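Colleague: Here are the chains, one letter per residue:
There are 2 protein chains.
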Amino acid sequence: MKKNPGSNGAGQRTHDVTIFDVADEAGVSYATVSRVINNKDHVSPEKRERVLRAMAQLGYVANEQARSLAGGTSRVVGLLVDYLSTSYMDEIIRGIDETLDTEDYDLMLYTTHRRKTKESAYVTKLTRKLADGLLLILPRNAAAYLETLRQRQFPHVLIDYLSDGQNVPSVSTTNFRGTCDAITYLLSLGHRRIGFITGTMEFGCARDRLNGYKATLKDHGVPFDPQLVCEGDFQQPCGYLDSQKLLSLPEPPTAIFASNDLMAFGVMEAARERGLHLPEDLSIIGFDDIPQAAHVHPTLTTVRQPLEEMGRSAARLLLKYIAQPTAAVERIELPTELIIRESCQGPRARSINGSQ
Amino acid sequence: MKKNPGSNGAGQRTHDVTIFDVADEAGVSYATVSRVINNKDHVSPEKRERVLRAMAQLGYVANEQARSLAGGTSRVVGLLVDYLSTSYMDEIIRGIDETLDTEDYDLMLYTTHRRKTKESAYVTKLTRKLADGLLLILPRNAAAYLETLRQRQFPHVLIDYLSDGQNVPSVSTTNFRGTCDAITYLLSLGHRRIGFITGTMEFGCARDRLNGYKATLKDHGVPFDPQLVCEGDFQQPCGYLDSQKLLSLPEPPTAIFASNDLMAFGVMEAARERGLHLPEDLSIIGFDDIPQAAHVHPTLTTVRQPLEEMGRSAARLLLKYIAQPTAAVERIELPTELIIRESCQGPRARSINGSQ
DNA sequence: TTGAAAGCGCTAACAT
DNA sequence: ATGTTAGCGCTTTCAA
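Protein sequences, first through last, are from chains E and Z.
Those letters in the first sequence? Residues 1 to 356, by the numbering used here.
Those letters in the second sequence? Residues 1 to 356, by the numbering used here.
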């Protein structure tokens with residue numbers, strides 16, 4: 001006794017409307033309905049029209065689970081992130097969303113909240129056909145499962161992951177170059193003692209930025225002073241703390257480069273608390289250009305990463321791998337751009353040009 | 001000619017390991033394997049053991065799509081949010097995650113990015129068995145689909161949604177009471193001119209906070225001055241702008257209540273830019289107690305919402321509705337708590353006690 | 001306790 | 001162009 005469409009004795013609807021009901025209503029076979037749903041050829045305009053009307057009338061909505069089971073594709077993309085609280089993530093996700101949306105893909109979110117081991121567990125789960133592909137933003141433990149992903153030919157793209165040497169599908173930006181631009185700019189303003197607050201050093205992007213700093217100083221014949229470098233963690237409080245340290249130096253920096261905007265905000269805070277005027281007494285430069293950067297005071301000069309575009313590129317690349325899993329590994333590197341706002345100017349006292 | 005398990009002529013594995021393979025390996029029927037997977041009774045310890053071993057050995061992972069199709073439950077919960085960039089969201093999501101994780105549920109994320117109409121579209125989609133339940137944080141357009149959800153008995157819980165009067169499953173906090181506490185505190189410090197920056201007024205929580213402000217003033221016999229109220233939008237730049245306005249008043253406030261921490265940070269910025277010392281020249285109080293509140297300088301006095309607990313409660317309530325869809329509508333209201341830190345003190349000049 | 005068998009709603013190959 | 005049929009991997013009766 002099948003819980004059958006149509007025949008519901010009592011007043012209440014017993015089940016959701018299926019492809020079957022639509023077929024009934026339109027007076028065609030349910031294969032035809034399937035064809036219409038999937039926009040296949042070989043359906044007469046007239047029947048297509050009838051099916052469409054029946055669908056609308058019945059309020060048919062496809063059961064994704066069933067489509068997935070039958071067709072082997074879930075139209076879901078897994079997204080693995082550490083945490084969500086920064087605009088950095090939000091901007092990237094916006095880009096991902098946008099791209100996936102046009103292709104009618106959904107996003108499954110897994111936040112590890114810094115529980116490193118969660119990453120692998122989630123990856124295993126997603127891989128099992130729950131998702132068609134996997135996007136990872138700033139993964140911490142990628143090495144643990146990257147090989148599995150590759151072997152299983154499970155489509156995946158990493159965002160902002162730089163594994164020196166490894167050939168992994170990824171989207172990143174010109175971290176090295178971007179930092180060079182920033183430091184060069186500071187140098188051109190006359191700064192010679194430039195403080196540097198790193199990001200979390202386990203990330204390749206953080207290392208690249210530090211390297212950019214060192215290389216630029218060297219290029220310009222400015223000696224590298226290890227005292228001017230503090231290790232940060234990409235969080236605002238750390239920027240605050242590190243800059244305290246930097247500003248307490250016997251010979252403090254006249255400018256500080258923070259490896260992301262959030263830490264730059266911390267620097268601003270510390271500077272202001274010491275009664276320094278910005279940017280007269282201290283130039284500050286960040287990295288990312290999150291929306292907030294344009295809204296602090298003074299507005300923050302920073303190295304812009306095209307976050308939204310990173311998300312879009314990653315999603316597009318992933319979609320490509322989903323369509324053809326054997327496509328060659330691509331490593332997309334998007335250009336950064338120095339956005340000059342108000343937070344930097346020439347150094348006050350020991351100015352190179354000795355003015356004032 | 002079925003693409004059959006086991007019999008893969010060539011070297012390569014043709015398919016993922018299924019319940020079928022496990023049954024083969026363990027020498028039992030696949031129904032038994034299903035029983036083991038679902039922790040059902042009526043399986044001899046010995047066979048259970050064998051199945052378990054086979055599963056481990058083969059690295060079996062269930063296909064959630066199939067389980068869902070067959071069993072009618074997807075073990076997925078949909079989460080609808082506007083945007084992600086604030087700790088507010090992250091904290092709540094952390095709580096949701098935690099609870100769902102223990103019950104082995106996954107989270108499907110839909111970010112509307114302020115595109116109001118997206119909400120309804122997503123709700124329809126999720127509803128169609130893609131998810132077992134739906135969680136909405138601060139929905140903007142809830143009225144549009146709440147009735148449908150109710151009629152279909154689709155499990156859903158709204159977070160921080162206050163529809164005056166409507167009986168909707170939800171989790172919120174004592175917005176009114178929390179604001180009263182904050183204003184009372186400011187009053188007790190001697191403040192009489194207290195600026196108020198509202199949240200987005202379309203949200204019930206924002207309205208409740210404003211009401212709390214008005215009620216408290218009235219209770220204490222302090223006349224309400226409309227000039228002291230500015231409409232905000234829960235974003236930092238707005239806090240900055242609104243406080244500029246407030247501080248430019250002929251008779252500026254000696255304290256400002258911002259309807260969330262983010263806007264309070266904006267107030268701090270504006271105050272500092274004007275050369276005001278905090279908290280001597282201006283007391284500032286926020287709402288939320290996002291992690292950052294403890295890390296700014298001065299540390300922010302604020303009305304704490306138990307964000308993570310809100311997430312947990314909402315998830316728990318949703319799980320309950322999933323288990324029994326006809327359970328009575330519950331509206332959970334969690335208590336807020338005034339967290340006193342450094343950003344408030346008595347007013348300087350026109351002090352009540354006339355000291356200094 | 002265990003196995004056999006019938007679907008869940010759909011896609012895709014195969015007929016017609 | 002359209003219909004028929006065989007599964008996708010699993011849960012769940014129903015027998016045994």
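Treat each hint with caution, since some may be false.
Pairs involving identical chains hold if they fit within one copy or between any two copies, as the list cannot separate such chains.
[What the hints assert, rightly or not] Think about it this way: if two alpha-carbon atoms lie no more than 27 angstroms apart in a straight line, the pair counts; the simulated BS3-like pairs of lysine-lysine are:
1) Lys320 with Lys125
2) Lys245 with Lys214
3) Lys245 with Lys320
4) Lys245 with Lys218
5) Lys214 with Lys125
Think of the hints as simulated: they come from the structure by calculation, not from any bench.
What you are looking at is a predicted structure, and each value in this text was computed from that prediction instead of being measured.
Colleague: Please go over all the hints and tell whether each is borne out by the structure.
Modeller: To see whether the hints hold, each was checked on the structure:
no.: 1; hint: Lys320 with Lys125; in the structure: both (22 angstroms within a copy, 24 angstroms between copies)
no.: 2; hint: Lys245 with Lys214; in the structure: within (20 angstroms within a copy, 45 angstroms between copies)
no.: 3; hint: Lys245 with Lys320; in the structure: neither (47 angstroms within a copy, 51 angstroms between copies)
no.: 4; hint: Lys245 with Lys218; in the structure: within (24 angstroms within a copy, 48 angstroms between copies)
no.: 5; hint: Lys214 with Lys125; in the structure: neither (42 angstroms within a copy, 52 angstroms between copies)
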